[in-house]
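**Student:** As you go down the protein sequences, you meet chains A and B in turn. What the first sequence shows, in the working numbering, is residues 1 to 233, in sequence order. What the second sequence shows, in the working numbering, is residues 1 to 545, in sequence order.
Keep in mind that the hints were calculated from the coordinates and are not lab data. Mixed in with the good hints, there may be bad ones.
[What the hints assert, rightly or not] Non-contacting residues of chain B with respect to chain A, defined by C-beta distances greater than 12 Å in every case (computed):
no., residue
1, 178
2, 301
3, 375
4, 387
5, 459
6, 504
7, 538
[What the hints assert, rightly or not] Okay, the calculated beta carbon distance ranges per label pair:
no., chain 1, residue 1, chain 2, residue 2, range
8, A, 14, B, 319, 57 to 67 Å
9, B, 493, A, 179, 49 to 59 Å
10, B, 385, A, 83, 49 to 59 Å
11, A, 124, B, 485, 54 to 64 Å
12, A, 31, B, 71, 51 to 61 Å
13, A, 101, B, 149, 54 to 64 Å
14, B, 385, A, 24, 55 to 65 Å
15, B, 527, A, 90, 29 to 39 Å
16, B, 28, A, 21, 24 to 34 Å
17, B, 313, A, 118, 48 to 58 Å
18, B, 502, A, 110, 51 to 61 Å
19, A, 31, B, 314, 57 to 67 Å
20, A, 24, B, 427, 47 to 57 Å
These numbers were taken from a predicted model, which means no experiment stands behind them. From the three backbone atoms N, C-alpha and C, an ideal C-beta is built for every residue, glycine too.
Residue-level listing of the chains:
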Amino acid sequence: MSEMAAHNAHAHPPGFAHQFEDAAQQKEAGTLGMWAFLVTEILFFGGMFTAYIVYRSLHLPGFIIGSHLLLVKFGATNTAVLICSSLTMALAIRSAQTGKSKGTIIWWLVLTMILGAAFLALKFTFEWRTDYLEHTVPGAFFGFEYRPEWGANAPYVQMFMCFYFFMTGLHALHMVVGLGILTVLVIMTARGKFSSEYYTPLEISGLYWHFVDIVWIFLFPLLYLIGGRYSGS
Amino acid sequence: MSTAIADVHHDPVESNVNYLNASYGIKSWLFTVDHKRIGLMYLAVITFMFTIGGVAATLMRLNLIEPQGALVEPETYNKLFSTHGIIMVFFFLVPSIPATLGNFLIPLMIGARDVAFPKLNLLSWYLFVTGCCFAMFAILSGGVDTGWTFYPPYSSLYSHTPVVIMALGVFIAGFSSILTGVNFVVTIHKMRAPGMTWFRLPLFIWAMYATSLIFILGTPVIAITLFLLGLERLFHVGIFDPAIGGDPLLFQHMFWFYSHPAVYIMILPSMGVVSELITAFSRKKIFGYSFIAFSSLAIAVISFIVWGHHMFVTGQSVYAGLVFSVLSFIVAIPSAIKVFNWTATLYKGSISYEAPMLYALGFIGLFTIGGLTGLFLASLATDVHLNGTYFVVAHFHYIMVGGALMGYLGGIHFWWPKITGRLYPDMWARIAAAVVFIGFNLTFFPQFVVGYWGMPRRYAVYPAEFQFLNIMSSAGASVLAVGYVIPLIYLTWSMRYGPPAGRNPWGAKGLEWTTLSPPPTENFDVPPIVTEDAYNYAHAEASHV
Numbered sequence: 001m002s003e004m005a006a007h008n009a010h011a012h013p014p015g016f017a018h019q020f021e022d023a024a025q026q027k028e029a030g031t032l033g034m035w036a037f038l039v040t041e042i043l044f045f046g047g048m049f050t051a052y053i054v055y056r057s058l059h060l061p062g063f064i065i066g067s068h069l070l071l072v073k074f075g076a077t078n079t080a081v082l083i084c085s086s087l088t089m090a091l092a093i094r095s096a097q098t099g100k101s102k103g104t105i106i107w108w109l110v111l112t113m114i115l116g117a118a119f120l121a122l123k124f125t126f127e128w129r130t131d132y133l134e135h136t137v138p139g140a141f142f143g144f145e146y147r148p149e150w151g152a153n154a155p156y157v158q159m160f161m162c163f164y165f166f167m168t169g170l171h172a173l174h175m176v177v178g179l180g181i182l183t184v185l186v187i188m189t190a191r192g193k194f195s196s197e198y199y200t201p202l203e204i205s206g207l208y209w210h211f212v213d214i215v216w217i218f219l220f221p222l223l224y225l226i227g228g229r230y231s232g233s
Numbered sequence: 001m002s003t004a005i006a007d008v009h010h011d012p013v014e015s016n017v018n019y020l021n022a023s024y025g026i027k028s029w030l031f032t033v034d035h036k037r038i039g040l041m042y043l044a045v046i047t048f049m050f051t052i053g054g055v056a057a058t059l060m061r062l063n064l065i066e067p068q069g070a071l072v073e074p075e076t077y078n079k080l081f082s083t084h085g086i087i088m089v090f091f092f093l094v095p096s097i098p099a100t101l102g103n104f105l106i107p108l109m110i111g112a113r114d115v116a117f118p119k120l121n122l123l124s125w126y127l128f129v130t131g132c133c134f135a136m137f138a139i140l141s142g143g144v145d146t147g148w149t150f151y152p153p154y155s156s157l158y159s160h161t162p163v164v165i166m167a168l169g170v171f172i173a174g175f176s177s178i179l180t181g182v183n184f185v186v187t188i189h190k191m192r193a194p195g196m197t198w199f200r201l202p203l204f205i206w207a208m209y210a211t212s213l214i215f216i217l218g219t220p221v222i223a224i225t226l227f228l229l230g231l232e233r234l235f236h237v238g239i240f241d242p243a244i245g246g247d248p249l250l251f252q253h254m255f256w257f258y259s260h261p262a263v264y265i266m267i268l269p270s271m272g273v274v275s276e277l278i279t280a281f282s283r284k285k286i287f288g289y290s291f292i293a294f295s296s297l298a299i300a301v302i303s304f305i306v307w308g309h310h311m312f313v314t315g316q317s318v319y320a321g322l323v324f325s326v327l328s329f330i331v332a333i334p335s336a337i338k339v340f341n342w343t344a345t346l347y348k349g350s351i352s353y354e355a356p357m358l359y360a361l362g363f364i365g366l367f368t369i370g371g372l373t374g375l376f377l378a379s380l381a382t383d384v385h386l387n388g389t390y391f392v393v394a395h396f397h398y399i400m401v402g403g404a405l406m407g408y409l410g411g412i413h414f415w416w417p418k419i420t421g422r423l424y425p426d427m428w429a430r431i432a433a434a435v436v437f438i439g440f441n442l443t444f445f446p447q448f449v450v451g452y453w454g455m456p457r458r459y460a461v462y463p464a465e466f467q468f469l470n471i472m473s474s475a476g477a478s479v480l481a482v483g484y485v486i487p488l489i490y491l492t493w494s495m496r497y498g499p500p501a502g503r504n505p506w507g508a509k510g511l512e513w514t515t516l517s518p519p520p521t522e523n524f525d526v527p528p529i530v531t532e533d534a535y536n537y538a539h540a541e542a543s544h545v
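Looking at chain A on its own, in the form it has when it is part of the complex (with noise of 0.2 Å):
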């Protein structure tokens, strides 16, 4: 701790590192870390999607079924919904970039942050809720004995709302983190950590919140579009 104070006074940049040479190499440096930390986070989530691909692919009727309990209203507006915070991500970036004034990052973060808890709201309040009550989550009062048309298939609906909620709750974690980060990106902003000169991690940052954006994008299709939503009857 103390060795950086001693370095940072030698008229580094501001957030600038002990162990680097220079600020250029530490911005490449916080660049890749994140980019390969993403891989690590597209293998993890990779699983998943192997898994549901195989399972899907095995017991079409029922995961069709499952598709069909979702609520796609929901998750097509929450599709807007984050595609419209990856924008303001992108726009608070760009904010640091051009040297504008504390203000307008802050704002465009708060906006990010707002977005986001727009999408964990409508997720947790309307969409779980509703699956709670048609007894369409998996375990103990799942609607084995409710919903007699799934007849043969009802563990395979059953699998199906498995991985929805694995799945989705594994992007909403991820959703929280990033809220996490906004926070803390928020205080150091208002501090005065960032400059056109340095705002390295904004930019990471976004790396992330894009790239759980794009996770969601992968995962509104594969749970609520496919398999016959909008077909024969």
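Go by the hints and put chain B onto chain A.
**Tutor:** This is chain B only, laid out in the frame that chain A set:
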């Protein structure tokens, strides 16, 4: 701390301020961001975990002295081999060289002050320790009996042991691996000293780079797999349970997608260490530098497409089996390239037999046996006979112990003077290396034979005709245990009483030998500039005493 740094800058030669004595007290260690201290903290934790795994192995070998089991109930035996496997794989071998020597050496070898993200490095250590705590808790509350592979549906529905806690421990320790991998990749890409081009890097760095790629690409998959397993067990919803349409084979595919590359997480770093040792003690430039460097990357890539050879008898498609068999033969090629290059490096070298070199030579022989017996198991028809027998156990112990652990011990002995600034008694070290080699072969060679005869692994009892070979194996295990205790004693002794090592006790090449022993907190008095290739021993010969 800042005054200590200032001293180093003003008085680079005479100063004896180093990373060990720059500050004192438990807090100066627990909150350190110095890669060298973090490496030592890993060393302490994994040595402890190794002891736990070793005790479990000892109890297993004691039990197998008698055909009916000499010591424990079969249920306890199941827990012993599970504990041994889980601890040794996830909490010793995977972090062993990367987290200790890798952490300590990567910045020193590439001429950097620290890794790219020192705080993340400390976080990795805390995650690892948290994982260890969960694992120890699971062991103390009875231990799990699933084997280290956690196959469902037994692990998810039927086992009455704390599977979730153990899986959570592995899951958390996995994130330590991921963050370490990210840190190393960025460090090697971005932190190299001026003049340290990719093809001047020591081969240890190439090996660590390849290992880090597997950390990044493989570990998240085992994490999500264990996560799904835990959910199935906790909430009794079907993912892998065939009773409700789940597919246990999917778990095996996902498990081995990580766990086969994980074998290379364990062996690649040792290969890197051996490349350093062979050159240093034969005083020769490495033969075929770029072949060894690229074979590390080739191993990392190919290791991801061979996992199906663990599943030849599980009911995967015959055609998949054929492809996996061919690919498994192919992954042997880069390993063989390394062995040939090391041998060619030895040719006409001026070889000396200090303790690290004994480990390195032991590595080459034992790894070759382990690798060649792996080809038996990569052949479809042979594997049907040998699958699930002690032949498999012997094979992977030749790789994991004869290979990975020998490399680890060789590396610890080689860089110990750099880490502590002290020399250990070389004669004791040579004796210990010989004891390890003899004990190892006595333990595991009989297992090839008894496995070929048909003794299945993971059983607490066996037919009486296998007893003689089992007694040989158990006797060897006790010799091996002695071989592990001796270094523990003299290395501990040397930390306090060993004679000072000086900067470069072996006359070895490499940036880490140009700085003080132990190195100062910021590693180099003057930031190094590299002007020559790695292993330039032709020039060193004249100046070396």
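**Student:** Hints first: check each against the structure and report whether it holds.
**Tutor:** Results of checking the hints against the structure:
no.	hint	result
1	178	5 Å, violated
2	301	14 Å, holds
3	375	29 Å, holds
4	387	24 Å, holds
5	459	32 Å, holds
6	504	24 Å, holds
7	538	31 Å, holds
8	A:14 / B:319: 57 to 67 Å	60 Å, holds
9	B:493 / A:179: 49 to 59 Å	53 Å, holds
10	B:385 / A:83: 49 to 59 Å	57 Å, holds
11	A:124 / B:485: 54 to 64 Å	56 Å, holds
12	A:31 / B:71: 51 to 61 Å	56 Å, holds
13	A:101 / B:149: 54 to 64 Å	57 Å, holds
14	B:385 / A:24: 55 to 65 Å	60 Å, holds
15	B:527 / A:90: 29 to 39 Å	37 Å, holds
16	B:28 / A:21: 24 to 34 Å	26 Å, holds
17	B:313 / A:118: 48 to 58 Å	52 Å, holds
18	B:502 / A:110: 51 to 61 Å	59 Å, holds
19	A:31 / B:314: 57 to 67 Å	42 Å, violated
20	A:24 / B:427: 47 to 57 Å	51 Å, holds
Going through the hint list in order, the structure does not satisfy hints 1, 19.
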